[in-house]
Amino acid sequence: MRVIFIDDQGIEHSVIAEAGDSAMRCAADHLLPGIVGACGGAMACATCHGYVADGWLAMLPAPSAQEREMLSGCIDQRPNSRLTCQIRLTEALDGLTITLPQSQT
Amino acid sequence: MDAITPLMPEVDFAYDEVPNLHELIEQLRQHGPVVRVKYLGAPVWAILDHKELNQAFNDLENFDPSDGYRIIAAPSMGRTLQTMAGDEHRVNRASVSALFMPLKVRSYVEAMIEPIAHELMDRIVGQREVEFVQAFTRPYPFTVITRLLGIPVSDEAMLLQWAVKLIDFPWDPEGALKAKTGFDAYMQGIIDARRARPMDDFVSLLVKTEFEGQTLDDERILSFFRLLFPAGSDTTYKNAGSLFACVLADPEFRAQAMRGNKDREALVAEGLRWQTPTAMLPRMATGNIKLGDAHIKKGDWVLFGITAANNDPRVFSNPRKFDPSRDNRELISFGRGVHFCLGVHLARRELETALKIVFERYPDIRLKPESKVEFVGGVLRGPRELWVQPYGKA
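So the protein sequences, as listed, match chains B and G.
Per our numbering: the first sequence = residues 1 to 105.
Per our numbering: the second sequence = residues 1 to 394.
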């Protein structure tokens, strides 16, 4: 499966992904600019913020109270903001498209 | 490896100044990723390599930090986030995390952090030589916290005396408990005042914060404050000293510090790696686990060698070179996992702002030529002194 990350310059990176990984881990493994994931996926650092593209958002489980709390403190939060460490990749998400914010580059 | 005898029995990583810490770490690393060293007079484990430390930070079954902190910190600091686990930790952390999120912290920079840096720079106007730790790096992050809390400026010095003693429990239990009494009485007054008449500060927000229906009582707020000073002030001041020592020593880094935000971010990240302020932090193992070649047993004390992992040559090539252009995404200075440093964004913005304002105010500032900078401390680490000449050549 693949995940498409669009960086803050508008460049698309279509990368091979492993089902079971988080979207944050996938981006970090490919050294994409704009995802840090400093805490390692514990919803504790707010450095893996991303914008999920139209159509995909509804396919993801809704964010937990803790994720919503963290997102509200991220720079440039939008309705399609998610912490990518909380997006668990499945085959059904093949082609998932996430735009990375400028604030994390 | 089950040896009880520590390697380097002549070095005590709690008591000694270990100016040559990174040389010692490289010697220890030859014996494996997890070794025995001496700490507070007794043998303990030390985790040195990045892979094993990352694993340990994320392994809450075998390395739940709360057990250890209850012994070494709770008597003087109370029930802080460090001593909590599971749901209690999650809810209490979420109650205060809004204050430390990137958006909020960005709003502090212009409103509070830059003015504090300017104030401290005002105080050295006209001086040819200044000891920069006392003049700037130490008071700077401390003042950020007191201003965030809305402490009157006239009380700052008094509060500092208590705040610095709170984490001293393992070294000076009596002094730490005495400091707690003074600190609590003072801060309780502030909490009472804000409950009666809220203002625009941290304390006012904390008395009314709510997450999943839970609010914070006075003891929870007090214990959060007791943690705030050592966690947010001591660490940042040590690292600010190390950062300026490196940047001032090299014309290229000085020029980089004067360029832009991205340049300063890179310098700060490398400073956090090259001389990590939380060099080695003690934890108590909460399970039996084989880590590297070491058979760690429940109840054993373990030093998390953060500065050792940040200088692991397998992750950071040529690690003792201060190189702001390197990829620092694997930096482990702020820990990993659910206890990841809550103040990460505040700390980074403080350090970046320090570089910006200091060079703006004193573009010719330099290290005093004949003075040697010595980095000391095995637990919290930074320069003992940092003599500078704000106007360059006298």
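Since the hints were made in silico from the structure, they are not lab data.
Each residue gets a CB set at the ideal place from its N, CA and C atoms; glycine is no exception.
Any given hint could be a false lead.
[To be verified] Simulated restraints on C-beta separations:
id, chain 1, residue 1, chain 2, residue 2, range
1, B, Arg78, G, Glu174, 49 to 57 angstroms
2, G, Pro75, B, Leu31, 16 to 24 angstroms
3, B, Pro61, G, Gly86, 47 to 55 angstroms
4, G, Thr5, B, Arg78, 56 to 64 angstroms
5, B, Pro61, G, Gly260, 34 to 42 angstroms
6, B, Leu31, G, Arg123, 39 to 47 angstroms
7, B, Glu91, G, Arg384, 35 to 43 angstroms
[Unchecked claim] Below, computed lysine to aspartate or glutamate pairings styled on EDC-like, alpha-carbon distance capped at 16 angstroms:
id, chain 1, residue 1, chain 2, residue 2
8, G, Lys356, G, Glu114
9, G, Lys356, G, Asp263
10, G, Lys372, G, Asp250
11, G, Lys104, B, Asp8
12, G, Lys262, B, Asp21
13, G, Lys51, B, Asp76
14, G, Lys298, G, Glu119
15, G, Lys356, G, Glu119
16, G, Lys290, G, Glu114
Hints versus structure:
Roughly 54 angstroms separates the CB atoms of arginine 78 of chain B and glutamate 174 of chain G, a value that falls within the hinted 49 to 57 angstroms. Separated by about 45 angstroms at the C-beta atoms, proline 75 of chain G and leucine 31 of chain B break the suggested range of 16 to 24 angstroms. A C-beta distance of roughly 22 angstroms is found between proline 61 of chain B and glycine 86 of chain G, which places it outside the suggested range of 47 to 55 angstroms. The beta-carbon spacing between threonine 5 of chain G and arginine 78 of chain B, approximately 58 angstroms, falls within the hinted interval of 56 to 64 angstroms.
For proline 61 of chain B and glycine 260 of chain G, the Cβ-Cβ distance of about 40 angstroms falls inside the hinted range of 34 to 42 angstroms, so the restraint holds. Separation of leucine 31 of chain B from arginine 123 of chain G is about 44 angstroms and conforms to the stated range, judged on CB atoms against 39 to 47 angstroms. Judged by the Cβ atoms, the range 35 to 43 angstroms given for glutamate 91 of chain B and arginine 384 of chain G is violated: they are separated by roughly 57 angstroms. Between lysine 356 of chain G and glutamate 114 of chain G, the direct Cα distance comes to roughly 9 angstroms. Compliance with the 16 angstroms bound is thereby established for this hinted pair.
Between lysine 356 of chain G and aspartate 263 of chain G, the direct Cα distance comes to roughly 10 angstroms. Compliance with the 16 angstroms bound is thereby established for this hinted pair. Straight-line distance between C-alpha atoms of lysine 372 of chain G and aspartate 250 of chain G comes to about 15 angstroms, which keeps the hinted pair within the 16 angstroms bound. For the proposed pair lysine 104 of chain G and aspartate 8 of chain B, the alpha carbon gap of about 22 angstroms is over 16 angstroms, so the pair is violated. Taking the CA atoms of lysine 262 of chain G and aspartate 21 of chain B, the gap is about 30 angstroms. The hint is violated against a cut of 16 angstroms.
For the suggested pair lysine 51 of chain G and aspartate 76 of chain B, the alpha carbons sit about 34 angstroms apart, so the restraint of at most 16 angstroms is broken. With a C-alpha separation of about 49 angstroms, the suggested pair lysine 298 of chain G and glutamate 119 of chain G falls outside the 16 angstroms cut-off, and the hint is violated. At roughly 14 angstroms between alpha-carbon atoms, lysine 356 of chain G and glutamate 119 of chain G fall within 16 angstroms of each other, so this suggested pair holds. Straight-line distance between C-alpha atoms of lysine 290 of chain G and glutamate 114 of chain G comes to about 47 angstroms, which puts the hinted pair past the 16 angstroms bound.
Going down the numbered hints, you'll see the structure goes against 2, 3, 7, 11, 12, 13, 14, 16, while the others check out.
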